[in-house]
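Chemist: Sequence:
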Amino acid sequence: MKKNKNLKLLRAWFSFLARYTRKKKSLWCMAAILLVIGIAAAQNADRHEIIRIGLYCANPDEMTEAMLTNLESLDDGLYRFYRSSSLDYMQEDINLRKAECGYEFPNDLESQMQAGKDGCISVYTSPSTVLTAVVNEAVYNAIFQEYAKTMLADFIASYDVVSVKTADELKALVDEHYEYEKENTPVFHVVYEDIPENFYDDQALFQIPVRGLAVLFIMLTALAGSSQFRHDAKKGRFLLRRPDEKWFVPFLYSYLPALFLSVFGLLALIIGSVAPVNVTLIAELALLIVFSALCSILCTLLGQIIKSSLAFDALIPVILLFCLLYSPVLMDLGDFIPGYKVLSWLAPTKWYFTLHEVILS
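Read in order, the letters of the sequence shown are residues 1 to 361 in the numbering used here.
Don't read these hints as lab results, they were simulated from the structure. Virtual Cβ for every residue (Gly too), placed ideally from N, Cα, C. There's no promise every hint is true.
To be verified - Under the rule of at most 20 angstroms between Cα atoms (straight-line distance), these lysine-lysine pairs were calculated in the PhoX-like manner:
hint : residue 1 : residue 2
1    : K24       : K235
2    : K307      : K235
3    : K117      : K149
4    : K234      : K24
5    : K234      : K149
Claimed, not checked - Pair by pair, the computed Cβ-Cβ distance ranges are:
hint : residue 1 : residue 2 : range
6    : P317      : C29       : 17 to 25 angstroms
7    : F155      : I50       : 53 to 61 angstroms
8    : C29       : T354      : 27 to 35 angstroms
9    : D88       : V263      : 49 to 57 angstroms
10   : E72       : G116      : 23 to 31 angstroms
11   : I282      : D88       : 22 to 30 angstroms
12   : I51       : I297      : 41 to 49 angstroms
13   : E357      : L267      : 16 to 24 angstroms
Starting from the given sequences, assemble the full structure and let the hints guide the process.
Modeler: Structure follows, in structure tokens:
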């Protein structure tokens, strides 16, 4: 009989607080913000597909052909070069934003460079381009990788220190050694040490952290719900007569808003193409529900320890800042200061990402 009475009491509080939560305009605003973030992430993902860079040369000489082939083989995840069949097609791609910019090379690029001519390469860009300066460096590098052989041969020929006399013989000798050095011992290269495979993802540079922001919003909502419990209790909106009510009522005050926002967090993940619509969707939702419960338990415990409403409210931004600094939402300070990495386990968002990695990865 007592068990049924406790269940009815819990159900009554749940029903009351569910209606109370549903009427909170601030919650609907946060839910709307999450959906907007999801939509922005989806548009951002579409916009930041591999950027295409056009190349055109009607009848390239040997050096230009090697340079164009080298550029086409580049794939750094940010942009990709392609050859256009005509100058008109390349300009059309740029006008339609199918290509960021394009380069037109003369047929006799090598001879023009030897003659010291300037402005022999034409660059076509769209008005809104921001990558041309970066792409120029890649093009310069590809040009001089090939032209350096000619420069080296001319330099050696200018000194009477070799037995090879004809230009063709000298160029063939230089080509053989230059190609070997270029393929086996690059003049300039970057080596990443002690970085695990697949650690660096180029596309991640352009992704809005929907999951991280959703988790932060849930954490903020749980804290705000716990703060609301204190203010409502101070205003005398209810009176907790039973000892167990002092635990489950503040928990529900914190949990129901967080649970409400978890649903919209999941919708934001789906819209932003972060969570696929398949079997793992149930696991995603279950994980958000569990995380909401963990946040609410933490808020309830903090509420029992910190009696002052003012002190608890002042602690909210501190907790959120800690979650930002010591968990993989936007950054993890522990990666920069390894000695303090253990502190990241105090951040609730760290718990979520650890569970996500273990369960869904």
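Chemist: Output the numbers, in ascending order, of every earlier hint that fails for this structure.
Modeler: Hints 5, 7, 11 contradicted; others consistent.
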